[in-house]
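Number of protein chains: 6
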Amino acid sequence: MTDSNLDRPAAQKPFRRLLLTGAAGNLGKQLRGALAAWADVVRVTDIAPLGDVAAHEEASIVDLADEAAVHALLEGVDAVVHLGGISVEAPFEDLLDANIRGLYNLYSAAQKQGVKRIVYASSNHAVGFHPTTSVVDIDAPLRPDSLYGVTKCFGESLSRYYFDRFGLETVCLRIGSSFEQPKNPRMLVTYLSFRDFIELVRCSLFTNRVGHAIVYGVSDNRTKWVDNTRAAFLGFHPQDSSIEFEHLFPVTAPTAELDDPTQHFQGGPFVLAGPMEPKR
Amino acid sequence: MTDSNLDRPAAQKPFRRLLLTGAAGNLGKQLRGALAAWADVVRVTDIAPLGDVAAHEEASIVDLADEAAVHALLEGVDAVVHLGGISVEAPFEDLLDANIRGLYNLYSAAQKQGVKRIVYASSNHAVGFHPTTSVVDIDAPLRPDSLYGVTKCFGESLSRYYFDRFGLETVCLRIGSSFEQPKNPRMLVTYLSFRDFIELVRCSLFTNRVGHAIVYGVSDNRTKWVDNTRAAFLGFHPQDSSIEFEHLFPVTAPTAELDDPTQHFQGGPFVLAGPMEPKR
Amino acid sequence: MTDSNLDRPAAQKPFRRLLLTGAAGNLGKQLRGALAAWADVVRVTDIAPLGDVAAHEEASIVDLADEAAVHALLEGVDAVVHLGGISVEAPFEDLLDANIRGLYNLYSAAQKQGVKRIVYASSNHAVGFHPTTSVVDIDAPLRPDSLYGVTKCFGESLSRYYFDRFGLETVCLRIGSSFEQPKNPRMLVTYLSFRDFIELVRCSLFTNRVGHAIVYGVSDNRTKWVDNTRAAFLGFHPQDSSIEFEHLFPVTAPTAELDDPTQHFQGGPFVLAGPMEPKR
Amino acid sequence: MTDSNLDRPAAQKPFRRLLLTGAAGNLGKQLRGALAAWADVVRVTDIAPLGDVAAHEEASIVDLADEAAVHALLEGVDAVVHLGGISVEAPFEDLLDANIRGLYNLYSAAQKQGVKRIVYASSNHAVGFHPTTSVVDIDAPLRPDSLYGVTKCFGESLSRYYFDRFGLETVCLRIGSSFEQPKNPRMLVTYLSFRDFIELVRCSLFTNRVGHAIVYGVSDNRTKWVDNTRAAFLGFHPQDSSIEFEHLFPVTAPTAELDDPTQHFQGGPFVLAGPMEPKR
Amino acid sequence: MTDSNLDRPAAQKPFRRLLLTGAAGNLGKQLRGALAAWADVVRVTDIAPLGDVAAHEEASIVDLADEAAVHALLEGVDAVVHLGGISVEAPFEDLLDANIRGLYNLYSAAQKQGVKRIVYASSNHAVGFHPTTSVVDIDAPLRPDSLYGVTKCFGESLSRYYFDRFGLETVCLRIGSSFEQPKNPRMLVTYLSFRDFIELVRCSLFTNRVGHAIVYGVSDNRTKWVDNTRAAFLGFHPQDSSIEFEHLFPVTAPTAELDDPTQHFQGGPFVLAGPMEPKR
Amino acid sequence: MTDSNLDRPAAQKPFRRLLLTGAAGNLGKQLRGALAAWADVVRVTDIAPLGDVAAHEEASIVDLADEAAVHALLEGVDAVVHLGGISVEAPFEDLLDANIRGLYNLYSAAQKQGVKRIVYASSNHAVGFHPTTSVVDIDAPLRPDSLYGVTKCFGESLSRYYFDRFGLETVCLRIGSSFEQPKNPRMLVTYLSFRDFIELVRCSLFTNRVGHAIVYGVSDNRTKWVDNTRAAFLGFHPQDSSIEFEHLFPVTAPTAELDDPTQHFQGGPFVLAGPMEPKR
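Protein chains in written order, with the UniProt record's numbering: chain A, 1 to 280; chain B, 1 to 280; chain C, 1 to 280; chain D, 1 to 280; chain E, 1 to 280; chain F, 1 to 280.
Extracted from the complex, chain A is given alone in its bound form:
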């Protein structure tokens, strides 16, 4: 970014160039269109095919573990929405490449290229071993529920370092369950509508200063396991709620399986998912 925003004509959009990683994924597809309104150029990337490329878009297939490619990817970028990497439990070597090495490459390149801010898809699985009988705020101790969750903790620590060391800002989104609709009773609690997800990214990109922030990505559901009070400086107000989906899951008495750990911890099935054996 060699010339300042101020030199550009007023008709231009707020950001000159935004980078979206993981653009071919579940949430990437949702967000991709919204970014058009916020940036003159939207650079989209994934390791999977990216489909049609719009006039305002730059598309490239990049493996985040490829250091040189990532450095090229970050050139000329104002800010990043980083949805790339693996978002479920996986063998450690896969997570190492995608979520650890890949993330380091992203931050290293971003710092060198003068990127100002990264919106980072962390996860509620960074704190999934907190019990379902508690409410965690943004200062709660890390309690990853899976190796995947451990890599999200890594991302939060790495981004904290880049902020404290270089002033590179990050908002860590501890995203719950963002799908068309909740798939099971637990997701009534962790549901984040696509619309609320996009609003959360918008707040994260446009709030004047964010420092190194952590915020839970959940809609205004009836039951809450998280508390965003201390992230209120981001101005995120979910508009949706899982209440409209409650009818999908018949009312039942508390399950008889009192010892089932997937019921005891906020992470749900993730707490039993790992570690996974490598695929050979």
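Each hint should be verified, as a subset may be incorrect.
No farther apart than 25 angstroms at their CA atoms in a straight line, the calculated lysine-lysine pairs in the BS3-like style are these [to be verified]:
#: 1; chain 1: C; residue 1: K29; chain 2: A; residue 2: K13
#: 2; chain 1: E; residue 1: K279; chain 2: D; residue 2: K13
#: 3; chain 1: E; residue 1: K279; chain 2: C; residue 2: K112
#: 4; chain 1: C; residue 1: K13; chain 2: B; residue 2: K183
Label-pair ranges, simulated between beta-carbon atoms [what the hints assert, rightly or not]:
#: 5; chain 1: C; residue 1: E93; chain 2: B; residue 2: A140; range: 43 to 49 angstroms
#: 6; chain 1: F; residue 1: D63; chain 2: A; residue 2: P131; range: 54 to 60 angstroms
#: 7; chain 1: B; residue 1: E257; chain 2: A; residue 2: F179; range: 55 to 61 angstroms
#: 8; chain 1: C; residue 1: T255; chain 2: B; residue 2: I243; range: 37 to 43 angstroms
#: 9; chain 1: C; residue 1: D259; chain 2: F; residue 2: G167; range: 46 to 52 angstroms
#: 10; chain 1: A; residue 1: E244; chain 2: D; residue 2: P131; range: 39 to 45 angstroms
#: 11; chain 1: A; residue 1: P131; chain 2: F; residue 2: P91; range: 35 to 41 angstroms
#: 12; chain 1: F; residue 1: D63; chain 2: D; residue 2: H237; range: 51 to 57 angstroms
#: 13; chain 1: E; residue 1: A55; chain 2: A; residue 2: P141; range: 57 to 63 angstroms
#: 14; chain 1: A; residue 1: G51; chain 2: F; residue 2: D63; range: 49 to 55 angstroms
#: 15; chain 1: C; residue 1: G33; chain 2: E; residue 2: D259; range: 42 to 48 angstroms
#: 16; chain 1: A; residue 1: H56; chain 2: F; residue 2: E93; range: 23 to 29 angstroms
Derived coverage of chain D by chain F (criterion: at least 3 residues anywhere in the stretch with Cβ under 8 angstroms from a Cβ of chain F; other residues may be distant) [as the list claims (entries may be wrong)]:
#: 17; segment: 127–138
#: 18; segment: 144–155
Hints listed in this document are in silico derivations from the structure and should not be mistaken for laboratory results.
Idealized CB from N, CA, C, for every residue including glycine.
Based on these hints, arrange chains B, C, D, E and F on the given structure of chain A.
Frame of chain A, contents of chains B, C, D, E and F only:
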């Protein structure tokens, strides 16, 4: 409970058998009807007459201080809503029988009968000696405002023990003032509508895991002395408010009686009510 | 106040006599009319002209630094809304007279005259050196952003002393930006509508007991830097929001001026405003 | 106490009359002699024989469940050290008489007789279900590990009420394991030497103001599960340590019984001791 | 300070020039000699006579309310130990000149002259309305017990502002009772030996970074009302204790005067000392 | 571990087999001898030569990044002291192999082999971006000061996961500066004597239950940046202090370099050390 919920036909209700104590009391009458939707069988009990008994109900007059009767009462019960006992200041020996011995009998029997959960009518009088110029959350130190309040603290401790020791779950409802409408200005703050009370019990019965929980039972009144943020995992959202009753109490300047303790503490008149002399 | 409120006919208003200082100022003008409904007599004062005086009003021009005049001013007053003094950064000697000596005179006189409560216009500038990436509650450490802010901290300490020593109650209103509408993007966060300001004063005057309270005066804006949870006993619920004014400020990317302290701290431009040289 | 301390000759001891309950018990025997230095008259009581009665002593056998006897016992008493009642797990009815009804009788009588302060033998078993991998301070939530522990919670609540209601001060001593020497490895952590116990009572009696205080009674042992920082106003500094007894217990690797709850919780064997069946 | 410390010969002392205000006062006299070891030049000032002036000293009589004189006083100074001003309750106008206007002059001049650090004699009277049954840490809310205490709160706020605004560091010493020996039982708790006082100043001057720090100045007395845990970065370890003076005050039972506020609050007699009438 | 400790003759040592990684390093050399007293067999490993192997030792050169070798290394091991890996800032790929992949291999193997506990050499650099004007306790938020520090955060998260998921206990030692003596003024604060280091490991191995614990490894130095109060259940009491080394560093005024970040943050020079370029 010898067979599991899963063995029952889908047409059955969530609970097989719920026990409601204090069913003839002010709140018991409100709740009794609602339970019909939640359980195949509703067992109702009180020391006072129980009125007409519906087809889905089992009714019995039981003194909670009668250990053997209480053990019989808990047989075959899935969960309990315990509204029984004394709910105002009273001579200590009366409180001892109803709220201490009676409660021990209830928990002892429930544990032996394999009951899974008890919804326990605690009271805001367990913390009534907190000043009206403070807001207490669910972790606030106990400050009972009466011997009655002390017995509610006992109940919270006893139920905590049964959870830590045996896994028997309890939700302690620190109920405010649940009447048709507020009877004085203080109740504008502590008012809990009957509808919100029933919803609070519903949340307490159907939340998948509750552990040993504490929650304040107040409607969405304008002035708040309590903060349920950390009980948000119960999903309780009051629908009513005392705002509609504010017109009943004319606006006045703060009372001239600056030393009146009933104005200084959340417990109101309870702080001066006890200890009471025994009735002889 | 030699006779009690109870001796007065029911037709009278809640307060017999309220004193409003700073009545000719920005907020004083807004509030002056509202007080008519709350008190039989409204005594208004300022160092600037007070305009037309209504039938229920007593008006006088008083310099708060004039000890004798202030003592006369407080005679027969039930409660005070103190908006007087300087509300922006100014040379220290000016602040000393208006906000320190003047405030002492007010409290000294109020205590001697038996005034029961003072609603004190403190300011968010008492905590303006907290970063914009944080949310401060009412217990947050003082971080004044200007000499003006330091004098507001003085006012909070002085009023605390008068409460602990004499029981004279105060509500410290940490008022944000109360204008017709926000004048810049920062004020979208700190905006307090006139209507909400008046409601905040109403709550502060009519809540039965307030002790020594602190509360933030902001409307229900989208972005929040403050948290009034522990002041909920005051019953303040803002009805307005700056959302309706967001269109006034075009959406932009975060400013390029990453080192600009007016963007980093809640106090905004105040953090660079002082200390000011005396006017000579 | 009809005449003031100031009326007495200087040669007299600090207290005119102290009452020691449980005087025939393990700790009562230790303390009884020390009290001679602190009070002109030491009234000792127990349900067990009290042995030789010294010239400065008044001895009486009293069942604390006997209301009239307890009221007589408290006449003319300045302060009480209450070690009476049951100090181990026991059938509920026994605990009810000794630790609940008995304690109520004591406080009811003390309040009526104008007693100024009670030093109450609470117990670490009021918080014994906190894990051994934590350190609890005096504000930690109650976690009784036994019905006995529940009765100690009752005592802390009851005494809080009498302080808030009547100003009757209490120091709750959460006594660990006070024996000649630790009897097992756990007691290396909970050990309170007799000398330190007596010093703790001395601090509790002579500190000018105590309000309603809670303090852990442990010596300066190497491993600590408790933190008295916020009770430092009592001036208690243990002089002894269990270090001298560590040689009694051979160094071992952590036990293989990883699921043994008596190793997981501070209460040790108490967590499995109850509830006990009544003796019939 | 135009040349850096590094340019000076190694034989010189750590500081080139230290300023000591209040040098003729109780504590100033104690400290004055010690400063000789720490600075090439010690500038001493007071409004009272300063006695003999040593070779390494510069002495001047300055009224802190005299702005021009204070600016001259700060020229060429590396760091300040500010003991000047009034250290007891006094009429407000006197406090205003000495502790408010005087302190502003000091900070204003220090900032302009490039002073790096001020060690500021605050007082435990800034928090003296905390009860004697509590322990306050350095983050405890301000609770001044006198107008004098209010001016100390002012000093803590003003110095915080100068640190946040200009990076001028301050250590606020909340000094207890620093005399040859305790003069009453309360001072057994608040006693600070002269030796410990000097050590506290030494730590405050030589710790590499202090930012804006608060620390309680008390010796290692038996009873503690304050907790310096979070000020441990200053490295202050008192060597003395009031234990050696306990024999001066005979052991007594808690005073009968249960309503005496000087016994209830840490500030002792200060809580009743003010406000004082002006001397005329 | 197929047979229990209880089956072994009393003459045997507490542990049957301990594994020490990093045995050829600075701290490994110190600890290696001490382990002889605690285990029948001490298995030592490093990537560097291990010198003479004692009769009770098993030695092997293993690269922790070699999964199969690590699994073999953990066979038959009761507990591990893990000092291996890189302990300074290094290029990311080196840290990735040694501190991330290597650590995962260690935990994965330990879990499969039934190891009960790991003592993990974390570092104060996991929190090195906390300012030197603060005191951090064991719950302080992670603030890594280097990529090295980020990998230590990873280790704390990974070990937390293995405890929550499998019950494998870990004590994370946030070791300061453990050398023969402090090498610079900062190390006067962070110094951990070799003797205290060994004692810290001893406590970590022999405390009956540790769960997932964090503790700072510093001696009893004069200045403290860390607070182990909540780790007191480990029983660690340092015997040494850097006070004896203070004479090595001449007393100086605070450095003139007020903007030097290595002076502002606890991590010292680490805060500027990274990220390092890879060695090629």
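Hint by hint, here is what the structure shows:
1. C/K29 <-> A/K13: At roughly 41 angstroms apart (the allowed maximum being 25 angstroms), A/K13 and C/K29 break the hint.
2. E/K279 <-> D/K13: With a Cα-Cα distance of about 45 angstroms, the restraint between E/K279 and D/K13 is violated, given a limit of 25 angstroms.
3. E/K279 <-> C/K112: Holds: E/K279 and C/K112 sit about 18 angstroms apart, inside 25 angstroms.
4. C/K13 <-> B/K183: Holds, at roughly 23 angstroms.
5. C/E93 <-> B/A140: 43 to 49 angstroms: Given range 43 to 49 angstroms: holds, Cβ gap about 46 angstroms.
6. F/D63 <-> A/P131: 54 to 60 angstroms: 39 angstroms, violated
7. B/E257 <-> A/F179: 55 to 61 angstroms: 59 angstroms, holds
8. C/T255 <-> B/I243: 37 to 43 angstroms: With Cβ atoms ~42 angstroms apart, the hint holds.
9. C/D259 <-> F/G167: 46 to 52 angstroms: With Cβ atoms ~49 angstroms apart, the hint holds.
10. A/E244 <-> D/P131: 39 to 45 angstroms: 41 angstroms, holds
11. A/P131 <-> F/P91: 35 to 41 angstroms: 40 angstroms, holds
12. F/D63 <-> D/H237: 51 to 57 angstroms: 52 angstroms, holds
13. E/A55 <-> A/P141: 57 to 63 angstroms: Holds: the Cβ-Cβ distance is about 59 angstroms, inside 57 to 63 angstroms.
14. A/G51 <-> F/D63: 49 to 55 angstroms: At roughly 44 angstroms between Cβ atoms, F/D63 and A/G51 fall outside 49 to 55 angstroms, so the hint is violated.
15. C/G33 <-> E/D259: 42 to 48 angstroms: Once the Cβ atoms are compared, 45 angstroms apart, the range 42 to 48 angstroms for E/D259 and C/G33 holds.
16. A/H56 <-> F/E93: 23 to 29 angstroms: 36 angstroms, violated
17. 127–138: That given contact holds, which follows from 5 residues of the segment 127–138 of chain D lying within Cβ reach (below 8 angstroms) of chain F.
18. 144–155: violated (count 0)
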